[in-house]
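A.B. asks: Work the whole structure out from these sequences, hints included.
Number of protein chains: 2
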Amino acid sequence: MQSSKQLTEVIREWSEVFMQRSMRDFKRFMDETGLSFSQVNILMRLVHAGITSVSEIGGQMGVTNAAASQAVERLVQLDLIERTEAPDDRRTKRLALTQKGRVLIEQGIEARSKWIEGLMDVLTSDQQNMIISALTLLTDAAQKTKE
Amino acid sequence: MQSSKQLTEVIREWSEVFMQRSMRDFKRFMDETGLSFSQVNILMRLVHAGITSVSEIGGQMGVTNAAASQAVERLVQLDLIERTEAPDDRRTKRLALTQKGRVLIEQGIEARSKWIEGLMDVLTSDQQNMIISALTLLTDAAQKTKE
DNA sequence: AGATATAGTACACCCCGCTTAACTAATTAA
DNA sequence: TTAATTAGTTAAGCGGGGTGTACTATATCT
Numbered sequence: 001m002q003s004s005k006q007l008t009e010v011i012r013e014w015s016e017v018f019m020q021r022s023m024r025d026f027k028r029f030m031d032e033t034g035l036s037f038s039q040v041n042i043l044m045r046l047v048h049a050g051i052t053s054v055s056e057i058g059g060q061m062g063v064t065n066a067a068a069s070q071a072v073e074r075l076v077q078l079d080l081i082e083r084t085e086a087p088d089d090r091r092t093k094r095l096a097l098t099q100k101g102r103v104l105i106e107q108g109i110e111a112r113s114k115w116i117e118g119l120m121d122v123l124t125s126d127q128q129n130m131i132i133s134a135l136t137l138l139t140d141a142a143q144k145t146k147e
Numbered sequence: 001m002q003s004s005k006q007l008t009e010v011i012r013e014w015s016e017v018f019m020q021r022s023m024r025d026f027k028r029f030m031d032e033t034g035l036s037f038s039q040v041n042i043l044m045r046l047v048h049a050g051i052t053s054v055s056e057i058g059g060q061m062g063v064t065n066a067a068a069s070q071a072v073e074r075l076v077q078l079d080l081i082e083r084t085e086a087p088d089d090r091r092t093k094r095l096a097l098t099q100k101g102r103v104l105i106e107q108g109i110e111a112r113s114k115w116i117e118g119l120m121d122v123l124t125s126d127q128q129n130m131i132i133s134a135l136t137l138l139t140d141a142a143q144k145t146k147e
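Protein sequences, first through last, are from chains C and B.
Heads up: the first sequence begins at 1 in my numbering, then just goes up one per residue.
Heads up: the second sequence begins at 1 in my numbering, then just goes up one per residue.
Derived from the structure by calculation, the hints contain no laboratory data.
None of the values given here were measured: they were computed from a predicted structure.
Be aware that a few hints might be false.
To be verified - Dumping the calculated PhoX-like pairs for lysine-lysine here, alpha-carbon to alpha-carbon at most 20 angstroms:
1. C:Lys27 to C:Lys114
2. B:Lys27 to C:Lys27
3. B:Lys114 to B:Lys27
4. C:Lys114 to B:Lys144
5. C:Lys144 to B:Lys114
Claimed, not checked - Covered by chain C, per the in silico footprint, the following chain B stretches (three or more residues, Cβ under 8 angstroms):
6. 35-46
7. 117-123
The beta carbon of each residue, even a glycine, is placed where N, CA and C say it ideally should be.
C.D. replies: Given below as structure tokens:
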């Protein structure tokens with residue numbers, strides 16, 4: 001397995017470069033929107049979950065329901081998420097992104113995409129095609145192994 | 001340019017999946033280490049910069065020197081970074097990761113790498129090789145365009 | 001040498017997000 | 001129907017991390 005070592009090394013370098021960039025972009029996003037790490041975290045989870053509840057948010061983030069409730073309240077004030085009573089159990093709330101919230105988070109994803117697209121500019125179209133294939137494989141694999 | 005549209009779409013999906021995962025791992029890392037976003041941010045910058053100063057940290061993070069100084073102080077207390085007088089200009093401090101700090105942040109990068117390595121398990125070796133090539137290209141491009 | 005600028009720190013103060021604890025309202029169990 | 005449970009909110013208090021200001025110590029300009 002001679003290529004195994006190289007694979008590890010290649011991935012490590014990519015991870016390092018990408019994490020660094022991720023961190024920078026993420027901080028920029030927080031500064032621009034004025035949102036905290038927790039707030040962005042909640043919005044991202046809502047993108048993925050669609051509709052969820054306060055305690056589910058709290059559970060996923062590893063904080064108390066009180067904390068989750070407060071965080072949700074702030075985001076409702078900002079008109080980024082919508083909080084309505086669940087019809088079947090009026091104790092629980094249905095949380096969903098508002099249009100404004102969705103646009104905001106999409107912009108964050110867009111920014112990250114744009115960066116990678118920019119990297120493509122210095123590559124040949126053969127190389128670009130290979131990267132398309134590779135990322136497609138990785139994305140599929142990630143979605144499959146998502147527990 | 002028929003492949004141009006697809007390229008955009010592939011990158012967008014990858015970005016979304018990866019950001020979501022990034023966020024989760026990053027939060028886990030902060031919880032495990034007990035470090036804040038800012039603190040991890042500083043450590044990451046030190047990994048990249050090697051040796052730097054308090055005001056450089058402040059400048060990069062967009063905070064005042066006072067804030068940077070306090071943040072550095074906390075990390076020094078935790079024995080994650082080392083603060084010594086610069087020999088040429090005794091006003092400035094040389095900031096560097098300690099062994100402990102370096103190990104910690106390497107573990108973070110390692111965790112991210114391990115995730116991608118895990119994705120490889122469901123792929124053929126041909127596919128793996130293609131991904132190696134693709135990530136190598138992307139890493140190189142990223143380092144080249146790093147302003 | 002004396003004035004000015006620069007790097008970093010100390011302090012007072014403020015905001016944010018967390019926790020615990022007490023509470024309300026709705027649901028389920030006896 | 002009453003008791004117990006569950007979902008969520010509210011309030012008080014704490015700590016982290018930010019600012020502005022004042023300060024110390026070193027370096028630089030004239």
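A.B. asks: For every hint, state whether the structure bears it out.
C.D. replies: Hint check:
no. : hint                 : in the structure
1   : C:Lys27 to C:Lys114  : holds, 16 angstroms
2   : B:Lys27 to C:Lys27   : holds, 14 angstroms
3   : B:Lys114 to B:Lys27  : holds, 16 angstroms
4   : C:Lys114 to B:Lys144 : holds, 16 angstroms
5   : C:Lys144 to B:Lys114 : holds, 16 angstroms
6   : 35-46                : holds (count 4)
7   : 117-123              : holds (count 6)
Violated hints are absent here; each numbered hint is respected by the structure.
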